[in-house]
Each structure stands twice: as C-alpha cells, then as structure tokens.
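Visitor: Protein chains in written order, with the numbering used here: chain A, 1 to 371; chain B, 1 to 371; chain C, 1 to 374; chain D, 1 to 374.
Hints may be right or wrong, so weigh each one.
Claimed, not checked - Partial selection, computed: residues in chain C whose CB lies under 8 Å from chain B:
{"hint": "1", "residue": "Q72"}
{"hint": "2", "residue": "W76"}
{"hint": "3", "residue": "D79"}
{"hint": "4", "residue": "K81"}
{"hint": "5", "residue": "D82"}
{"hint": "6", "residue": "G84"}
{"hint": "7", "residue": "G102"}
{"hint": "8", "residue": "Y276"}
Unchecked claim - What follows is a set of in silico ranges between Cβ atoms, one per label pair, in the way DEER data are often shown:
{"hint": "9", "chain 1": "A", "residue 1": "S106", "chain 2": "B", "residue 2": "A13", "range": "51 to 59 Å"}
{"hint": "10", "chain 1": "B", "residue 1": "L350", "chain 2": "A", "residue 2": "Q263", "range": "56 to 64 Å"}
{"hint": "11", "chain 1": "C", "residue 1": "W273", "chain 2": "A", "residue 2": "R370", "range": "50 to 58 Å"}
{"hint": "12", "chain 1": "B", "residue 1": "E89", "chain 2": "A", "residue 2": "F110", "range": "40 to 48 Å"}
Unchecked claim - Result set (SDA-like, lysine to any residue): computed pairs, CA atoms no more than 25 Å apart in a straight line:
{"hint": "13", "chain 1": "B", "residue 1": "K366", "chain 2": "B", "residue 2": "E112"}
{"hint": "14", "chain 1": "A", "residue 1": "K117", "chain 2": "A", "residue 2": "W216"}
{"hint": "15", "chain 1": "A", "residue 1": "K218", "chain 2": "A", "residue 2": "D12"}
{"hint": "16", "chain 1": "D", "residue 1": "K294", "chain 2": "D", "residue 2": "L207"}
{"hint": "17", "chain 1": "A", "residue 1": "K82", "chain 2": "D", "residue 2": "D279"}
{"hint": "18", "chain 1": "D", "residue 1": "K244", "chain 2": "D", "residue 2": "D267"}
{"hint": "19", "chain 1": "B", "residue 1": "K316", "chain 2": "D", "residue 2": "S272"}
{"hint": "20", "chain 1": "A", "residue 1": "K115", "chain 2": "B", "residue 2": "K115"}
{"hint": "21", "chain 1": "D", "residue 1": "K326", "chain 2": "B", "residue 2": "D286"}
{"hint": "22", "chain 1": "D", "residue 1": "K213", "chain 2": "D", "residue 2": "G241"}
{"hint": "23", "chain 1": "B", "residue 1": "K262", "chain 2": "D", "residue 2": "D279"}
{"hint": "24", "chain 1": "C", "residue 1": "K294", "chain 2": "A", "residue 2": "G318"}
{"hint": "25", "chain 1": "B", "residue 1": "K115", "chain 2": "A", "residue 2": "N306"}
{"hint": "26", "chain 1": "B", "residue 1": "K299", "chain 2": "D", "residue 2": "E368"}
{"hint": "27", "chain 1": "C", "residue 1": "K146", "chain 2": "C", "residue 2": "N168"}
{"hint": "28", "chain 1": "A", "residue 1": "K262", "chain 2": "C", "residue 2": "I335"}
{"hint": "29", "chain 1": "A", "residue 1": "K345", "chain 2": "C", "residue 2": "L158"}
{"hint": "30", "chain 1": "D", "residue 1": "K338", "chain 2": "B", "residue 2": "D266"}
{"hint": "31", "chain 1": "B", "residue 1": "K115", "chain 2": "C", "residue 2": "K240"}
{"hint": "32", "chain 1": "D", "residue 1": "K294", "chain 2": "B", "residue 2": "A259"}
{"hint": "33", "chain 1": "A", "residue 1": "K82", "chain 2": "D", "residue 2": "D134"}
{"hint": "34", "chain 1": "B", "residue 1": "K366", "chain 2": "A", "residue 2": "I108"}
{"hint": "35", "chain 1": "A", "residue 1": "K115", "chain 2": "B", "residue 2": "T275"}
{"hint": "36", "chain 1": "B", "residue 1": "K348", "chain 2": "A", "residue 2": "N107"}
{"hint": "37", "chain 1": "C", "residue 1": "K145", "chain 2": "C", "residue 2": "D279"}
{"hint": "38", "chain 1": "B", "residue 1": "K140", "chain 2": "C", "residue 2": "I335"}
{"hint": "39", "chain 1": "B", "residue 1": "K299", "chain 2": "D", "residue 2": "G241"}
{"hint": "40", "chain 1": "B", "residue 1": "K348", "chain 2": "A", "residue 2": "D369"}
Bear in mind the hints are in silico, worked out from the structure with no lab data behind them.
We put the beta carbon where it would ideally sit given N, CA and C, even for glycine.
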Amino acid sequence: MNQVLGIINFEDATVDVTGLVNYRPIPSLTFMGRYRLIDFVMSNFTNSGISNVQVYVKNKPRSVYEHVGTGRHYNINSKQGKLRIMHGEEPIQSEIYNTDINAFHSNIQFIEEAKAKYVIIAPSYMIYTIDFSTVLASHKVNKADITIVYKPTDMAKESFIGCTSLSLDKEKRVIASEINLGKNKSRNISLEAYVMSRELFLELIGLAHKTSSVYWLKDIIRDNYDRFVVKGFMVRGLVYPINNLGEYQRANLELTNYANAKQLFDPMWPIMTRTSDSPPTHYGEDAVVVGSSISNGCKIEGTVINSVIGRGVVIKPGAVVINSILLPGVIVGEDSHLEYVIVDKNSKVLEVKELKGEFRQPIYVKRRDRI
Amino acid sequence: MNQVLGIINFEDATVDVTGLVNYRPIPSLTFMGRYRLIDFVMSNFTNSGISNVQVYVKNKPRSVYEHVGTGRHYNINSKQGKLRIMHGEEPIQSEIYNTDINAFHSNIQFIEEAKAKYVIIAPSYMIYTIDFSTVLASHKVNKADITIVYKPTDMAKESFIGCTSLSLDKEKRVIASEINLGKNKSRNISLEAYVMSRELFLELIGLAHKTSSVYWLKDIIRDNYDRFVVKGFMVRGLVYPINNLGEYQRANLELTNYANAKQLFDPMWPIMTRTSDSPPTHYGEDAVVVGSSISNGCKIEGTVINSVIGRGVVIKPGAVVINSILLPGVIVGEDSHLEYVIVDKNSKVLEVKELKGEFRQPIYVKRRDRI
Amino acid sequence: MRQNQMLGMILAGGRGTRLEELTTKVAKPAVFFGGKYRIIDFPLSNCANSGVNVVGVLTQYESVLLNSYVAQDQRWGLDAKDSGIYVLPPREKSDGFGMYRGTADAITQNIDFIDQYSPEYVLILSGDHIYKMDYSQMLAEHKAKKADATIAVLEVSLKEASRFGIMNVDNEDRIYEFEEKPKQPKSNLASMGIYIFSWKLLRRALLDDLKEKDSAHDFGKNIIPGMLESGKRLFAWRFKGYWKDVGTIDSLWESNMDLLDESNTLDIMDPSWKIYTEDVAAPPQFIQEHASVKRSIINQGCVIDGTIINSVLFTNVVVEEGAVVKDAVIMPNSIIRKGAIVQRCIVAEDIEIRENAVVGDAHSELIELVAKNR
Amino acid sequence: MRQNQMLGMILAGGRGTRLEELTTKVAKPAVFFGGKYRIIDFPLSNCANSGVNVVGVLTQYESVLLNSYVAQDQRWGLDAKDSGIYVLPPREKSDGFGMYRGTADAITQNIDFIDQYSPEYVLILSGDHIYKMDYSQMLAEHKAKKADATIAVLEVSLKEASRFGIMNVDNEDRIYEFEEKPKQPKSNLASMGIYIFSWKLLRRALLDDLKEKDSAHDFGKNIIPGMLESGKRLFAWRFKGYWKDVGTIDSLWESNMDLLDESNTLDIMDPSWKIYTEDVAAPPQFIQEHASVKRSIINQGCVIDGTIINSVLFTNVVVEEGAVVKDAVIMPNSIIRKGAIVQRCIVAEDIEIRENAVVGDAHSELIELVAKNR
C-alpha cells in the first residue's frame, strides 16, 4: 500500500455538531470517552498499510496537531515524515470559500510531489472500520476511474440526513446522486471515501477550481458520472455518521452495548489513539453501573446507567447518570441527576440537581462550565 | 530549573526580514544553512534546564509545528508534554491587534495552570547563547521584580536599529528606555529577554490589556520602571539581532569565519535542530572553497568564497558564489556568478549568469524560483 | 548542558522464584501490578518524573520480555535526544563471559556504559519495589549535605527492623553503622536499596572491591560497610509514603488490595506524578446489563457482565453473566465464564476459568495463584 | 493489521578482529563508515525504508556501544507504536547460560522473541555489509514464487566465486545445490547472507537442527543444505548494485574511497533511500581561508584550514593550516595539526596527529591504521 496517498478530508456545512464544535474541529471531537473522531479514519489508513497521509483541517488546527502529532501512535514511521497536517495559512474572505477543493489547490505541490499512484480520500466524521486495501483491489478489478464507498441503510429517514445518496445500476456503477433529505427509508449512502488515481485526483481539483470557486470534491464528481466510470463499494458493518448532535448521541449510546461495540473494536483491527496515561478506573463501595462504557482514570461512586463516561470523570455518591455522555474530566456532584445530557470537557455539574434531555435532543453543557 | 516556564515570544513590526518572511514566520527562518532561528532560543532554554516551554507564533504556524514538533530533538521529555505551540485560532480584526499581550491573554489559562514560580520570556530573533540559570540566580540575588537581558554595543549606529536601548543607573537598575534609531554609537540594547515571577507576569498581562488593546509586553514594562525594580543583566558574547535582511546577511556572513562561529557553537552548549538525515558533503575535483560555512548534503563542483551554503545545495562546475547565502536545496548552474545574493529555498539559478548585490543590500531570489 | 547530571541504574535481575509461575517466563520486574502496570513501571516512571533521563536496566534472568518492554523508552517519555533506557544484560568481553555476581558487580561490569555519559552522580535502584519517590529531592539533599553517598530509608517498627538492613545514624542522619538484619536493632531506619553516589567515588570503590577475593560484590554487604570504614560521609534520607517489596504471591496480592483502600498513600490517580506503562490499543471497559461492580479497580478493554467485589482487573479481562469475582486479582486477557466463582486468589494472564468452576478459597490463609485453566 | 508481516533479525555478533584496533572497544557493526555512518546503519536503514518495522539485533562481543547505539530506534524512524529495534545478546535461561554457537543458533535462542510477534516471514541479515536493498521487493518475489526460502545472491566473477558460498540454480533460479567455497564453481551466484524464510518452516528447521550433535548451527553449513536435502523450495534472488564486506582495514578504506567515485552505485546522496544515523549536534563545516578541498567527502562539524585531497572526513575533524590529508579516512573528532602530512591510511577517532608529523605511506601496499596519537 505504499502506492497510496491517504487524504483525510474535511467536511462541508452539512456537518454541524452544535455546541461541541465551538471548541474544536470535527476531527478532534471526543468519541466513546477516549477517542477522537480522527482516530477511526487514521487507524483505517494505517491498519490498511497506508502510512503516507495528509490531514486537511478546516479551522482551529491546534487540537489536531496536538492529538495527531507525529502519528507515531498510529504506527506511522516518524522518520520518513509522511504525515502532514494541512490548513489554510492565508486569511479566507468568506467561509463559503473554505472548501476542500480550495484547500487541495493551495497545497497542490504536496499532492504533486507525493509518489503514490493512487489516492484514497476519506472524511473523519464517518465512524466505521474498513480495509482500504480491499477497496483498492476492487477498484483495480473493476477498472474504475473512481470508487465510492457506500453503506445501504434502512434508517435514511432518521439518520444520514444531509449525506449523499447514490443511485447505482446493476454493475454498481453510480449513475446519479442526491442529498438525503429523509424522505425514503432505504438509501445507499456515500461515505465520502473515494479511491482514484492521483492523476485523476489532480485533474478533478483543476476542473473543480475552474468550474466554481465554491465547489467541493463531491460536486465535481457528481458532475462527471457520465464521463468517468464511478463504481460503488459496499460496506456491511456498522456505520455512524457524526454529522449532528443527535447522531453523536445515538452513536455513543448504541455503542455502550458491547454487542454493538465489538463490531467496531476488533482486536485484529485496533483503533489507535494518543494515550493519556490514565490509571485504571476505581469503583466505589456504593457504585451502581450497568449498560455503560467507562474510560480509564474515573472514580465512580454513584449510579451510571446506559451512559458513556470519558477519561478521568468523577461521579460522586448519590449522583445518577442515565443515557448521558460525559466527556473527559467532568465532575458530577452528589445527588445530581442527569438524563440524556451531554457534558463537555472539564465541566462540573454541582449545583443543578436535575437535567433532563431527550433521545436525539440532548441537553448540552458547555466546556469548562460550572453549573 | 523546573520552577521556570520558558516563553518564546513573537516579535513586533520592527522586525521585518523582507522577502524571507513571505514564506515563513521569523522563528522558522533558516540560519547558517542548517538551523532555524528558533533553535537558538530553544537550545538556550533546554540547555539551561528549562523543559516547560510555550512557543507563541504570530502567524503561519505550520512550519513551526513541523520543525519544533514534540521538542524531542531539543531534549524535552515528550511524555510530560510540556512543549506547547500557541497561535491565534480566532480571526484578528487588524494586524495591529496581533500583539504578544493579546496572545498571552487569549491563552492565559495555560499560563495560569503552569506550576512554575518564574517565567523567562525571550524572542527567537536574537541569536546568542546564554545560560538562563545564571540570569535567574542574578535575578534572585538582586531581589529584582524584572530582569532584562541586555548587550552593550558600539555598533548601535548600524545595528540593532529599532531595538530598545536601556538607560541603567550604577546599580544596573533600568531607569529609562528608548527606541534605538541609530543616532549613537554606544548603546545598551535590550535583548527582550525577561525574567520575572509568574505572578507578576500575569499582573502585567492584565495591566497591559486594560491600558491599551495594542500594547506589547515591552510597553507595559517601560511604563513601570518606577513602580518595579527592573534590573539589567549584561551579556558579553556575540549577539546578532535578525530584524532585517541586512542584519540577516551580516550575521550569516560574519559566522563563516570560524573565529566568530566558535563563540556561538560551544560543544558544551550544543545548538540543537531537527535533523534532515543529509549525507556528508561531496567536493568535486575542481571545487574551490574558502572562508565558507557549508552544510551537509551538498555537492560542490564550483567556487565558493566567504559564503553560507545550506543543506543539499548543488554548485555546478564553473559557478562562482561570493559573499552569498544559499538556503537549503538551491542549485547554482554552470558559470553563474553570484555576489552578495541571498537565494531562498529550492530555487534554481540557471539562466541568469550574473547577480550582484551589496553588503547590507543583498539581492534576494525568492523561494522555488527559477531564474 | 546539565541534562544528565545523574544517571539511573536499575537492578532488575531478580529471579523472583517466590512468585512461582508468574516468573517462569518473565523476570520479576515485568510482573503485572495494579490493574495496568508492571512492577518496573514504578522506578522507571519515578526516574522520568524526577528528571533522570538516562537509565540503565540491569537484567539477567528470563529477560526477553523485560528487555523488549523497557526498550520502548517512549513509554516513559525517555526518548528525547539525549535520553534513553538501555538494557544491560551481562555480556561477553575480551576477558570472558560473566554473570552478575552481586548488586555491586552488576554496576562494575557496566562502568564503561556509565563512563560514556560521565555523570556526576549515579542513582542505584531496585526493579522490584512499588513506591513513588522524587529522586531529585534526594539528590538536592545529597548535595546540600555534601554527602559521598545517600541512602533512602524507611521508618519501620522495631519489631520488623530485624528483617531489614538497618542504618544507625547520628542526630544529623549521618550513618555511622550499617547492620544487616540485626537481632537487636538500634534504630528503625531500614534501607530501601536506593542509593545516590558521587560517581567518581563509587567508581573507585567498585574497582577496589573487584580485587577483593572474598567479597560478595554486594552494595549492602561490601560497598556500604567499606565506605563507612574509610570514614566517608554517608547520610540517610527519610522517605515517607507507600513502599512495598512484592516478592511473594501474598505480598503481591496484598499490595494490589491496598489500592482499593481510599486512604492508601500510593495514590496512582495523582495526575502530577503519573505512572507510565505500555499503551495498549484496547477500547474502553464495558460494564453490561447484568453487572455489579463494587470497590474494585478495572482497566480498559474489560467486558463485565458478572459481579465484581473488592478486586483488581487488568486489561481485556472478560467476566461473563453470573460469574462472581471477589477479593481477587485477574491479570490481562483472562476470562471468567458464566457462573464461575473466583475468590481470594491471583489469576495469571491468558487464563480461562470454565463455567461454574470454583476457584480460590475465601477462608484460606495463603493466597492461591491460578496459573492454569480451570 | 499487517504491520509486522516480516520481522528482521540482524546478526551483529561479529568480532571483526581483522579490523585491528577499530574493534577493540566496539563490535564490528559499530565501526564508522562513509564520513557519517556506522556499518549497521545500512541494514537498519534498509529495514526502515523497506517497511520492516520490528528488528532484532543479535549482539555478542564488546557490544555496550553497539547496544546503546541501536537501542535509539528513533534514529531509523522505528519508534512508532508497534515498531522497534530490540537488542538481543545471549542470555541466562532456566537451562543455563549460553553463547551464540553459530548464526542459526543465534536465531534459535531467540525463538521466544520472534514468537511474540508471530510474523509470517523472517528476514535474516548480517550487520557488517555495506549495501542498499529493498527487502520488500525480495519478499514480493518470495511470495510470488511460493518459496520456502529466498536467498539474495550477487553475481561475482567465476574467479572470485571460490571465496564465497555459491548457489547452483536451475533456469528459474531455484536452488538445487549449495557449495561453500567450491574449488571448481559451477555458478557465479554468491550468497550475500540475506535470507527470507517462512517463519513456521524455519522454526521447525531450527528446532530440528538444535538436536543434531554434530551441527555447527550455521545457516550456510547446516540449515540451507538441510532444507535442500528435504526438497524445500529455495530460490535465489539476484541483487544488482553495490555490496561490500568491509572486514579488513584494506576493504574498509577501499569502500570509503569508492564513495568518491562519481559513478559508484551506492549513491548515499539519493534522497529516496536515506541512510539514517546518529543525530549529532555539531555546527556546519567551516572551510577556512587557507583550505583547499578536492574530490573529498566532509561531514558537519569539521574545521578545515589545510589541504584535503581524495579523502573522507568524519564529524568534527580539524585540519589545521598547512596540513595535507590525501587518500585518507579520518574518523570523528581527530585533529591534524599544522604542517602534518597524512596519506593512504585510516586515522581512528579521537586521534591527534602532531605538527609536521608524517603519517602513512603513499606507496605502501597495505593501508595503515593509525589508532594512536602520532
């Protein structure tokens, strides 16, 4: 797979995890208490044998730099220095120009200099596992110009809203696509992961750039279903799109059930992340914990039901946490009762004794808050 | 020295190395063919035993991230993660608000969280070596509130223009200061390196922030010579300010002479940088090289006199390079004649056969150019 | 450049036979501890946190896992330019091939290694104790007292004192006498086997000792008494806090159980003095529908659907529905099947306890080690 | 996760006695080469560049410097999560303490190390050859041919062939016979001592060989002939390019001189296959007023004020005004004082050649090694 350049793309305006994204870009979102979203696509790349990776960041790159670093924890050889974080260094007139095509275009020298024959482009907000070497093999066998990874779903009315839905013919050739607005139950959703030759990728960047200065990669691909052989590659396993706060909530809560989680966490396909060197978690005398996923470094003395507990969280005696997601470093004080709540990093819930949201409409408590 | 937080500050508008700074911020400027300016202050910090360092970058942080990385090559323990690169993540209305005080203010939580008792603040554009532990010892002995490192010079008419010149009383207390406009020969030049308690530093940030939203740290210190005990600490050795292209040229060219260079490159006080794993330099059959400083990875077949040759430079047969500075990756073609020229990274001088600048007024050839 | 003023040398050659099957394939310092760690993580993390950046680890017996474990020095952040952890087994030399004959001989055989760094001070540690200590404070004291050697000591009860090497000191804590396991102890200051020496002095003492035919080449038996005899300035440095030699199955179990006590002074939760260890790519822990977890420590990757009381569970342990784990230590990757009962024992790594099996005895005096599938 | 499909094992136990004083204190693989490198940088960089991420280095003799040198795996970028360079000296086991008795025995004694990674293939290398090779291409060929073992071979002249282990092959390069230093060579394919084995097969062969009382436990003498006898599929893989065994002072000098030849195929300047080595914090090189440098290789930190012709100068060498260095190799930190003449020799590291001294002989047949101050 050293013939492949991996590109982690950024997402367009259809992705907006309100609240959480005020403090960090999508790739740095905490997931399952100990991961960042970008860990999944990075691990998919390096487990597939791709160690030449460019990460495009839309804004606020600091947290991405600090988390991804040299990529050593993802098994990238630091010496060959093939992990690069790309972000705009020039001011942008308006956010509408902050497209992936413009980002590729202003870093085109790094794409041109890469020796890889193929590129695989994937965003960080789609959570699933995939062996990209099989996608590449299928791409070659099909003699495709572009291969798009997609997931057939029966949940298109509630989930994957705003994602691209593909129409495929019998040979799995993509013939049309539209935005999924939730009208139909069953859809083939594009996971926005593309395989193509580097040459074609460069051509598409140039073409898109000429066509419109607010075009995205998916726009220029859509315009060319006729001209190129665009094939679909189907994934069968679990896929979670993290494109709004409700989906973020659903994904986290569903994964508290190990029967779901084990589909994502295969020991032969490890999801790697930066370690925080946290100690194991301590459970107190009166702890009651069921149906939950708990990270290391916590101290749990209260009740936790069907929740995701991040690293270093403290749950005081008498506190009750149900169907909630606590990001790292949160403290829940005595006798506080939380249900369907998302508490951002390092916040303290001490005075408020009851907070109750709903499924797909959680209450969000902002970072470093004290309530 | 784990009681000290080291802060690498950025420079104000008096520092402008025209041409070179179009492509990277001051800390990333190549120096002596293989270093970046920031290597000197970073090495001063870590050699002095300071391993808790914050690097403030004014703009274009990517090259700083890529060069400084985890700080491992400067001997910073990567695990304890005490090297942080700080840069604005919010858009700035106007460049005049891009002051050090505003940068400190928007990252104040990281200064407040540091446990160090003292801070030592120093910019990256002053090239010299100093053991900050002796400065701290002097600061304590003097019971100073603030200690400013300064250099007495007899070159203040040509050099250190725009720097702050200090007036000291007999006890080396700073009583006044002014901008050096080159009127006098002898001046005590502030190297903008300050020692103070972290507490006072936080107080000054708050004070400056309240006084004016375009204030710099040096402004608020200047306003308070009466209120605080501000002492000078004199350095004796070589000091080069890299605040314009002429000074950049002078520093590089003077250091081609080993009698000067050995004052800066003491084996007991190593200047550390990121390695590029370049092979040794090859000299050809007809090479003529005198009075020059040559980096690794070069292939020299022509004539090089009193020049600085960066990593991986190629000098073809018949080429003549005099009093010039070639940044890494430059190619000088056959029979090209360069005198007092600065050629930026990866440029090729192939067609132009003669380029002649002057001392303090070099000709500058831009990055990746081909002339 | 004062990065490497004090070099650390960890004596990690212990065979640890009293740890039974836990040490048939790994050396004692590599034995698991505390739900996540190996014993040697403690002295190595202490070094990293104290600014001791170059550490030699003297290994001897069954050390392939220990060697490759500590060689990954980035685990302790000791991978900066001039930092490093170096594995130092006995080796062939032009004058033949030797084992380490004693604690002092292990250092003597590596004088050339230490000389490469020309440190001012050398810190000698043992690889098999559980404790947190800031060696930089001990060094500051060593310098302040202009000592030739400083020995960390623990105040034990006079009753226990006869099991230790005891330092008899004057009222400035200068050592005037060292007694190995005295029957009538004159003091309660037990040596922790942690020494700071000025390297020049130690180097000479080691070379002199090498010539002594009758010497056991041991710090406690030969080097320290020799220095006292020749009037060197040796000082005791009093350590307060948790310290334990986990040399037996009982003491290893006890020490793990100590962590469950809220008031224990080891405090592995303290973020200002982290204990670093291997970074395992395991998911979070999953506490499932039928689980009940009380007064326990559980590490990442565990999947719990049974009852856990008063226990320490390492990485990737699985406890199925209806199983009960009580007063037990379960090492990595072991699986407790449905309905099994595991109590008052240590289950080694990669063990399977079958459905409805009963392991351990709630009333036994000694702790059982379960090193085979049951 | 296919990160560690092929594990590298480098045999670095060579005593290198024919390199005279250069190997009294360091093992042969740690000897300097090419102005900047040590010999073992070549196989290690080849591994890093070929994607072989876990490498065991089997050391034996005077290896303290070699061990601590290779342990800094970030030098070769081999410090990612599941990567690493592991030093493997012979070690104590429950059945006693052994030396490595032969090349195969060195691997056999580390079967437990290899098993930790359960690789599909094992790459066996020697630590004392200078060459650049993409082992991933050799592996691709090994897989394509469904080979049990693949051996890299060099085409030598038939005259030279009797100095090597020679592979006799059929027209598909399958090996049917191996002859050690044949008097009447039937082929010109010399073994380079570079093997890829399928690990399962090699593991069995090593354990079988261990039982053979008369075996020298050597790949060339026992393992390869044994596999041929039992009809295994062994293939030769033809290597084109620079390869040199730098086992003597003459060949070490020659190999350094080869680098001065523009047309040499080693090409250490190629940025796509870098040779990684220690990162020394030395300034650039200073070529001063009275210097003349022709057809030479000079490394960072050198300060040159004399005449350098046809020579290779390592880090931090000083050549004062009026001194002449010709056809010479000068190792790190050596200093050639004013007016001295140094020719046709190798000057070891940390040597001082005094003012006006004359060292080496322009007309000597053999190359002199200068290992003491003159």
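Visitor: Now look at each hint and say whether the structure bears it out.
Guide: Here is how each hint holds up against the structure:
1. Q72: 12 Å, violated
2. W76: Holds - the Cβ of W76/C comes within 8 Å of chain B, reaching about 6 Å at its closest.
3. D79: Given a least distance of 6 Å, the restraint on D79/C holds.
4. K81: Result: holds, 5 Å to nearest chain B Cβ.
5. D82: 5 Å, holds
6. G84: At about 11 Å, which exceeds the 8 Å cut-off, the nearest Cβ of chain B leaves the hint on G84/C violated.
7. G102: 33 Å, violated
8. Y276: 6 Å, holds
9. S106/A - A13/B: 51 to 59 Å: 26 Å, violated
10. L350/B - Q263/A: 56 to 64 Å: With Cβ atoms ~59 Å apart, the hint holds.
11. W273/C - R370/A: 50 to 58 Å: 27 Å, violated
12. E89/B - F110/A: 40 to 48 Å: 23 Å, violated
13. K366/B - E112/B: Since the Cα atoms of K366/B and E112/B sit roughly 42 Å apart, the hinted pair is violated (cutoff 25 Å).
14. K117/A - W216/A: The hint holds at about 22 Å.
15. K218/A - D12/A: 10 Å, holds
16. K294/D - L207/D: Status violated; Cα separation ~56 Å.
17. K82/A - D279/D: The given pair, whose Cα atoms are some 19 Å apart, holds under the 25 Å limit.
18. K244/D - D267/D: 14 Å, holds
19. K316/B - S272/D: It holds: about 22 Å lies between the C-alpha atoms, which stays within 25 Å.
20. K115/A - K115/B: 46 Å, violated
21. K326/D - D286/B: 15 Å, holds
22. K213/D - G241/D: Not satisfied, since the Cα-Cα distance of roughly 39 Å exceeds 25 Å.
23. K262/B - D279/D: 20 Å, holds
24. K294/C - G318/A: Holds, because 14 Å separates the two Cα atoms, which is no more than 25 Å.
25. K115/B - N306/A: Violated, at roughly 38 Å.
26. K299/B - E368/D: 29 Å, violated
27. K146/C - N168/C: 19 Å, holds
28. K262/A - I335/C: Measuring from Cα to Cα gives roughly 16 Å; hence the hint holds.
29. K345/A - L158/C: This hinted pair is violated, its Cα atoms lying about 50 Å apart.
30. K338/D - D266/B: 22 Å, holds
31. K115/B - K240/C: This hinted pair holds, its Cα atoms lying about 23 Å apart.
32. K294/D - A259/B: 23 Å, holds
33. K82/A - D134/D: 19 Å, holds
34. K366/B - I108/A: 19 Å, holds
35. K115/A - T275/B: 23 Å, holds
36. K348/B - N107/A: 21 Å, holds
37. K145/C - D279/C: Roughly 40 Å between the alpha carbons, so the hint for K145/C and D279/C is violated.
38. K140/B - I335/C: With a Cα-Cα distance of about 60 Å, the restraint between K140/B and I335/C is violated, given a limit of 25 Å.
39. K299/B - G241/D: 22 Å, holds
40. K348/B - D369/A: 55 Å, violated
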